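Colleague: With the hints as constraints, model all of the structure from the sequences given.
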Amino acid sequence: MSFDAKPLQIKSLFTKHIFTIPRNQRRYVWNKENWSELYEDLKFLIENKKGDAIPGHFLGSFVLQKKKEDNDVTYFEIIDGQQRSITIVLFLAAIMQYFKEYDMKDFFDGCRDFLKVKDAVSKEHCVIETDYYDAIEKIVDNVCDWENRISDVNKFIKTISVGNINSKFADCFLYFYKLLQSQSKDFVWNVRRALADAKYIHIQADNNEDSYTIFEILNARGMALEDFELIKNFIMRYILPQEETMVDRVKELWKEKIENPLSTNISKFFQHYAKHKYRMDINQKDVFNLIKKTARKNVNDFFDDLLLKAGYYKLIISPGDTETSDNLSEIENFVFSFLRKKRAIQFRPILMSLMHLKEIGDLTEEAYNEVLLFIYRFFVCYNIIGEEKSNKLEDVIRKYAPLIENEFSEQVIDEFEESLKKRIPDFNTFQNAFRNIGWSNHNTFYKDSKLKNRVVIVLELIESYESRCQDVHSFTIEHIIPDSSNNPEAYNIGNLIPLEEWINKGLKDKPIDEKVQAYRDSGFKMARNIAGYYSSNFDPIKRNILMAKKIYHDILKLDLPDE
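Sequential numbering of the sequence shown, starting at 64, is according to the working numbering.
A portion of the hints provided could be inaccurate.
Said to hold, decoys possible - Derived lysine-lysine pairs resembling DSS-like cross-links, with alpha carbons at most 30 Å apart: (1) Lys79 x Lys163; (2) Lys405 x Lys612; (3) Lys462 x Lys320.
Stated by the list, open to error - Okay, the calculated beta carbon distance ranges per label pair: (4) Lys348 x Glu433: 31 to 37 Å; (5) Glu96 x Asp172: 30 to 36 Å; (6) Asp182 x Asn296: 23 to 29 Å; (7) Thr492 x Glu470: 30 to 36 Å; (8) Asn390 x Glu322: 25 to 31 Å; (9) Lys95 x Pro304: 48 to 54 Å.
It is worth saying that the hints were derived from the structure and are not from the lab. Just so we're clear, the structure is a prediction, and the values are computed from it rather than from any experiment. A virtual CB, placed ideally from N, CA and C, is assigned to each residue, including glycine.
Modeller: Here is the structure:
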């Protein structure tokens with residue numbers, strides 16, 4: 064395979080060359096988003112230039128196959144780079160139209176050779192030659208004619224944009240033309256300079272086989288860069304001031320505050336950061352382009368915010384670590400530890416928003432803690448008791464995380480909580496699910512570690528609410544009616560309480576009357592309550608119903624049905 068590759072500037076590409084577009088090339092698909100990205104790139108370079116020097120913009124590689132030479136003009140077929148080539152031509156045409164309207168004849172003439180190629184016999188040709196898209200040549204021919212002033216550009220464009228084939232080219236030209244209308248002469252001249260001086264890799268193949276082999280290699284589906292890698296590059300490219308010391312500082316902070324602390328969680332962090340910061344559609348997964356589009360106007364502020372939120376994220380994912388535990392309150396440590404243990408990662412965007420509001424003082428410590436506890440209690444009811452999947456909450460998280468972050472009010476918090484409450488079923492359905500919770504160390508059906516863990520979590524929820532203390536100490540599960548009694552009601556959660564191991568050891572197989580006396584010495588409120596309210600006709604099923612009502616109404620604040 065034979066080819067030549069070298070770095071050049073766009074002004075070298077559009078000089079004494081004519082480019083043909085084969086019919087089998089894909090149609091022109093660039094749109095406003097692509098055009099805007101090119102324009103904003105050049106605008107950024109111009110606004111941050113040092114003196115008269117504009118930093119170079121890189122446009123990627125262009126794969127060309129030399130087809131012929133005729134009358135001192137070289138003809139190339141565009142193998143890769145069609146979208147960019149056409150866009151640059153139409154952008155230059157819009158610049159020339161500006162020069163013409165402002166009687167900038169010298170500037171106009173200096174740009175004309177990019178779009179009109181004169182051969183050895185002084186015959187002019189459009190720089191792009193195609194039998195399929197005649198709108199390009201019509202725009203170039205009319206704009207490059209100094210005498211044709213085109214009094215009404217919109218009307219002129221309508222005459223050449225008949226049909227879908229040509230409409231995209233007309234839209235592209237008009238997009239750049241309208242943007243330039245509000246700019247100064249100096250700015251437009253600098254745009255022309257930046258565009259002409261933009262760099263690219265010129266790859267020239269000798270034959271069809273080589274050219275398409277190169278195209279396939281360049282467009283092969285290799286290991287794509289992850290969002291966080293693209294974002295890092297984006298920050299270094301646009302951070303101000305554009306000096307080597309600043310770029311080096313970005314690298315240092317990135318490693319110190321993001322890469323090292325978050326480690327394997329870095330990709331997940333950027334997904335959650337985007338959800339917490341920006342309103343994303345349920346199917347939107349392109350984090351990099353979303354961030355690039357929204358953060359471009361002030362990359363410095365974006366980077367500062369990113370570092371701040373990375374710190375929050377570290378606390379959320381590592382609440383038990385020595386380096387983070389000192390920076391967490393008791394409630395934060397409890398809730399974050401619980402959510403990590405249950406792998407409830409969906410709430411992380413919400414948590415980042417809440418932590419930020421607390422830090423800047425918009426959310427009081429008390430209100431912040433209440434929301435954290437609500438999330439914990441809701442999750443127990445929704446996921447542990449109701450056995451629903453957390454991913455079903457994605458729409459609520461995507462809606463309210465950015466609302467809390469960007470448009471905070473007490474009403475937004477209330478609406479967030481109400482949206483979650485609506486995911487809890489009616490009480491009868493909830494009660495049926497609660498009735499099935501139980502554990503036994505004797506009965507084969509109930510002797511399961513997952514069932515035991517489910518019981519522990521529910522008992523912790525009720526105990527923490529009853530005792531008004533989140534730090535529920537470790538406990539053993541006590542069966543009020545002995546587990547060994549073969550009574551099917553003994554395995555139900557209505558028959559279970561938390562109890563210290565040292566008390567529990569002495570109660571094995573004892574009758575309830577003797578157990579109740581020991582419960583009075585327990586540090587657990589639920590055990591002492593049994594001692595206080597016990598009667599000889601203890602009914603685990605009735606207690607099950609009362610426990611379900613306590614969670615549903617007292618803890619979650621949901622309405623019970625009329626008796």
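Colleague: None of the hints should be skipped; say for each whether it holds.
Modeller: Cross-check of the supplied hints:
no., hint, verdict
1, Lys79 x Lys163, "23 Å, holds"
2, Lys405 x Lys612, "24 Å, holds"
3, Lys462 x Lys320, "28 Å, holds"
4, Lys348 x Glu433: 31 to 37 Å, "33 Å, holds"
5, Glu96 x Asp172: 30 to 36 Å, "33 Å, holds"
6, Asp182 x Asn296: 23 to 29 Å, "42 Å, violated"
7, Thr492 x Glu470: 30 to 36 Å, "34 Å, holds"
8, Asn390 x Glu322: 25 to 31 Å, "20 Å, violated"
9, Lys95 x Pro304: 48 to 54 Å, "30 Å, violated"
In the structure shown, a violation is registered for the earlier hints numbered 6, 8, 9, in ascending order.
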